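Chemist: Protein chains in written order, with this note's numbering: chain A, 1 to 430; chain B, 1 to 347; chain C, 1 to 79.
Mixed in with the good hints, there may be bad ones.
[What the hints assert, rightly or not] Within a straight-line C-alpha distance of at most 27 Å, the following computed DSS-like cross-link-like pairs (lysine-lysine) qualify:
#1 B/187 x A/134
#2 A/273 x B/155
#3 B/187 x A/194
Hints are computed from structural coordinates only; laboratory data are not their basis. Fair warning: this is a prediction, and the values are worked out from it, not measured in the lab.
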Amino acid sequence: MKLQLGFINIKDVCLSDKTMVENGILHVNSDEVISHIMQDEDVKACIKEAYFDIARPGEKVRITPVKDVIEPRVKVEGSGGQFPGVISKVDAVGSGRTHVLKGMAVVTVGPIVGFQEGIIDMWGTGAEYTEFSKLINLVLVCRPAEDIPPHEYERALRIAGLRTAAFLGECGREVQPDEVREYETFGIKQGMEKFPHLPRVGYVHMLQSQGLLHDTYVYGVDAKQTLSTIIMPTETMDGAIISGNCVSACDKNTTYHHQNNPVVAELFEEHGKSLNYVCNIITNENVYLADKVRSSDWTAKLCRLLDLDGVIISQEGFGNPDADLIMNTRKIEQQGIKTVIITDEYAGNDGRSQSLADSDPLADAVITGGNANQVITLPPMERVIGTLDYVDRIAGGHAGSLAEDGSIEAEIQVITGATNEMGFGYLSAR
Amino acid sequence: MSYRVVHYINQFFANIGGEDMAHVPPELREGAVGPGMALQQAWNGGAEIVSTIVCGDSYFAEHEREAREQILAWVKDAKPDIFIAGPAFNAGRYGYACANIALSVQDELNIPVLTGMYEENPGADMRDKILIVSTSNSAAGMRKAAPAMAALAFKLMNGEEIGPSVVEGYMPNGIRKNFFEKERGAKRAVRMLISKLNGKPFVTEFPMPSFDRVTPNPAVKDMSRATIALCTSGGIVPRDNPDRIEASSASRYGEYSIAGVDSLTKGAYETAHGGYDPVYANENPNRVLPVDVLRELEREGRIGKLYDVFYSTVGNGTSVAASRAYAEEYAKKLKDANVDGVIMTST
Amino acid sequence: MVKEIERAGIPVVHMCTVTPISVTVGANRIVPTVAIPYPLGDPSLSAEEEYTLRRRLVQNALDALSTEVEEQRVFERQG
Numbered sequence: 001m002k003l004q005l006g007f008i009n010i011k012d013v014c015l016s017d018k019t020m021v022e023n024g025i026l027h028v029n030s031d032e033v034i035s036h037i038m039q040d041e042d043v044k045a046c047i048k049e050a051y052f053d054i055a056r057p058g059e060k061v062r063i064t065p066v067k068d069v070i071e072p073r074v075k076v077e078g079s080g081g082q083f084p085g086v087i088s089k090v091d092a093v094g095s096g097r098t099h100v101l102k103g104m105a106v107v108t109v110g111p112i113v114g115f116q117e118g119i120i121d122m123w124g125t126g127a128e129y130t131e132f133s134k135l136i137n138l139v140l141v142c143r144p145a146e147d148i149p150p151h152e153y154e155r156a157l158r159i160a161g162l163r164t165a166a167f168l169g170e171c172g173r174e175v176q177p178d179e180v181r182e183y184e185t186f187g188i189k190q191g192m193e194k195f196p197h198l199p200r201v202g203y204v205h206m207l208q209s210q211g212l213l214h215d216t217y218v219y220g221v222d223a224k225q226t227l228s229t230i231i232m233p234t235e236t237m238d239g240a241i242i243s244g245n246c247v248s249a250c251d252k253n254t255t256y257h258h259q260n261n262p263v264v265a266e267l268f269e270e271h272g273k274s275l276n277y278v279c280n281i282i283t284n285e286n287v288y289l290a291d292k293v294r295s296s297d298w299t300a301k302l303c304r305l306l307d308l309d310g311v312i313i314s315q316e317g318f319g320n321p322d323a324d325l326i327m328n329t330r331k332i333e334q335q336g337i338k339t340v341i342i343t344d345e346y347a348g349n350d351g352r353s354q355s356l357a358d359s360d361p362l363a364d365a366v367i368t369g370g371n372a373n374q375v376i377t378l379p380p381m382e383r384v385i386g387t388l389d390y391v392d393r394i395a396g397g398h399a400g401s402l403a404e405d406g407s408i409e410a411e412i413q414v415i416t417g418a419t420n421e422m423g424f425g426y427l428s429a430r
Numbered sequence: 001m002s003y004r005v006v007h008y009i010n011q012f013f014a015n016i017g018g019e020d021m022a023h024v025p026p027e028l029r030e031g032a033v034g035p036g037m038a039l040q041q042a043w044n045g046g047a048e049i050v051s052t053i054v055c056g057d058s059y060f061a062e063h064e065r066e067a068r069e070q071i072l073a074w075v076k077d078a079k080p081d082i083f084i085a086g087p088a089f090n091a092g093r094y095g096y097a098c099a100n101i102a103l104s105v106q107d108e109l110n111i112p113v114l115t116g117m118y119e120e121n122p123g124a125d126m127r128d129k130i131l132i133v134s135t136s137n138s139a140a141g142m143r144k145a146a147p148a149m150a151a152l153a154f155k156l157m158n159g160e161e162i163g164p165s166v167v168e169g170y171m172p173n174g175i176r177k178n179f180f181e182k183e184r185g186a187k188r189a190v191r192m193l194i195s196k197l198n199g200k201p202f203v204t205e206f207p208m209p210s211f212d213r214v215t216p217n218p219a220v221k222d223m224s225r226a227t228i229a230l231c232t233s234g235g236i237v238p239r240d241n242p243d244r245i246e247a248s249s250a251s252r253y254g255e256y257s258i259a260g261v262d263s264l265t266k267g268a269y270e271t272a273h274g275g276y277d278p279v280y281a282n283e284n285p286n287r288v289l290p291v292d293v294l295r296e297l298e299r300e301g302r303i304g305k306l307y308d309v310f311y312s313t314v315g316n317g318t319s320v321a322a323s324r325a326y327a328e329e330y331a332k333k334l335k336d337a338n339v340d341g342v343i344m345t346s347t
Numbered sequence: 001m002v003k004e005i006e007r008a009g010i011p012v013v014h015m016c017t018v019t020p021i022s023v024t025v026g027a028n029r030i031v032p033t034v035a036i037p038y039p040l041g042d043p044s045l046s047a048e049e050e051y052t053l054r055r056r057l058v059q060n061a062l063d064a065l066s067t068e069v070e071e072q073r074v075f076e077r078q079g
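The shape of chain A in the complex, shown without the other chains (with noise of 0.2 Å):
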């Protein structure tokens, strides 16, 4: 499978009375994109009011509660579309060309229930620990219909930015990338003929799957509701998995982590060369015992079945997944499988606790993200994009986070991505 992605180098995007991309700048009509936005019955019906906002990197803003983060891409040849099973028909992604608005995102932001969702500064100590505070960021603020259920105005949510996103998109369609690059992995027999002597190595891709906030879908499909399965790097690149969870945010992915996944990333670097990137499989974090035994069952079972020689594992979230985490491994090092996991730490403020729920020496092979228990002062900014209504209910922060001049005490845990178990950022612990 073969995918193409051009990319389209984003300097600025601005509010406008056209949509389109020139010159490497996005114009944005909001009035055009929230009315698209609104053609879908379930988010007329959820969302009471909606707006754009601007955040560029090194500017004084705070964005919160951030739900989600999406980089807008269009499908410019092969099968499939934009979020396929999800906002468009599904038909398989992952071969072809895709063209991307690199250098920005879609920030997704609005109250969902009691304990809330991420915060991403642009600038001060908060924007060292989000990648996302390197990106232009285009923000969708919306606020709720009175009355609506958690569930349904979560999914309308995660649905307007998927829209926004991909109807932004569009406006790459005709544009020529100022790169374009290739990524390609072959079939069993095909892959082994050609790197006879390279190591097989696979991708665990663990997906959070534990109820409101925490689910991920594949094709459409809630994680929660598969067995483990293979996919193709290139699926993956191209929008196939997208997520519906953000708490705790500092290690739950975005859509864009899964876009733009670090793990499918590093291994096609190293594809052809060190070794032979076979596939990815993924793999749920339910809430049942029965079915975290057989989905980790069935992901040694599967490294087995294609000969494997090594994977890396990422985790997303910690606590009960850390208990998948080390099934996954223990099992699939039992099948004689080299593994890697990646995973976050929650040491305490000190640092002196113990960082997971679960453990095996089997795991002797561990990337950490950092500790999510470490407590950082975020400065008050100028400007806040969302409320800051929530920030003392955000898991990560406590009664009295928020101080009068608007700067937050609080464990880095309520920063979108900061210990991201994909290996996103840089931050690691010793």
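Here the structure of chain A is known, so what remains is to put chains B and C in place on it, guided by the hints.
Modeler: The following block gives chains B and C in isolation, referenced to the frame of chain A:
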């Protein structure tokens, strides 16, 4: 003004002699001796070794109590800003002495301490208690060890925050510290996998912990006369979370009376936990804390009594150490209240 | 937390869904429950059935508390 340092070395590094002179008792010398020169040079006037304590390795091992008393007295008099021992490299008894005397100075005199040695030195077993700079296994490594120890020592004297072990060069001491790596996590993961596949050495960023065990208590003998208490890490709290227990990384636990409460009804109780979908627990809090069933069993005489107070914490993202502290506190209360058995529920 | 209660000298039963974590961490008496968001319930059942389920689980926990154990034990559901 420069900081004051007391340095501890053995007979070999003081040029007294080798194994044949290992019996010499502690001796106090003014100024820097031997490896102390290298440390002092690195500080460039910012700190000064006011005295050096020399002690034979065998003497310390065989007369530990006397040696310790004498050395502590000298250190106390000198009022240093830091006490440095070694580096001991792979010398076993020297490493043992460095680690133990440093621990005594730290704990009894409340003075910052630092030592250095090879990771397999028996003294390195104390890495969780004192800061130990990791060195090579022979004195040939002094050229690298001295500047590393001097730099870390200066930070300690200066009251600066100490960075993570891998950056500062000390042995991992169980205290996890964040820092930014040069490569992103995914790249480090791929690189580690390639090493592992090729049988090349790699260092895990997080060694797997081992958990301690507690001996089980004897069973409840007569359930029909027993007082049973309920506890939960599922964050069940009265309406509107009166103690404002955090959704994650909770800084407190809740203690709530259920005297006269027959069942945890929707609206009267809810969950403060941020790690799972709260809809089901809020709909019927007995799904997390089964007060309704226990009240019925109490009426039927299956249990003697349901204890009238329950304890609630949020397990989500709350550190094990914090959870342990909360539980220690309320376990004592339960014991004092003559509770016979506890049901702990987790989400 | 279970261990702190055990240390204080009170027998304790841990009712949880992810029993492997409980085993790793070191609880001695462990009773498996239904699911993480509703350990002692099941929203797909009628109120009556759900109550019966909960009662059975609690009874299992009381049985565990009444059983002498030498080492860690998971009290799997009967029947």
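Chemist: Is it true that the CA of residue 187 of chain B sits at most 27 Å from the CA of residue 194 of chain A?
Modeler: holds, 24 Å
Chemist: Does residue 134 of chain A lie within 27 Å of residue 187 of chain B when you go C-alpha to C-alpha?
Modeler: holds, 19 Å
Chemist: Does residue 155 of chain B lie within 27 Å of residue 273 of chain A when you go C-alpha to C-alpha?
Modeler: violated, 44 Å
In this structure, the one hint that does not hold is number 2.
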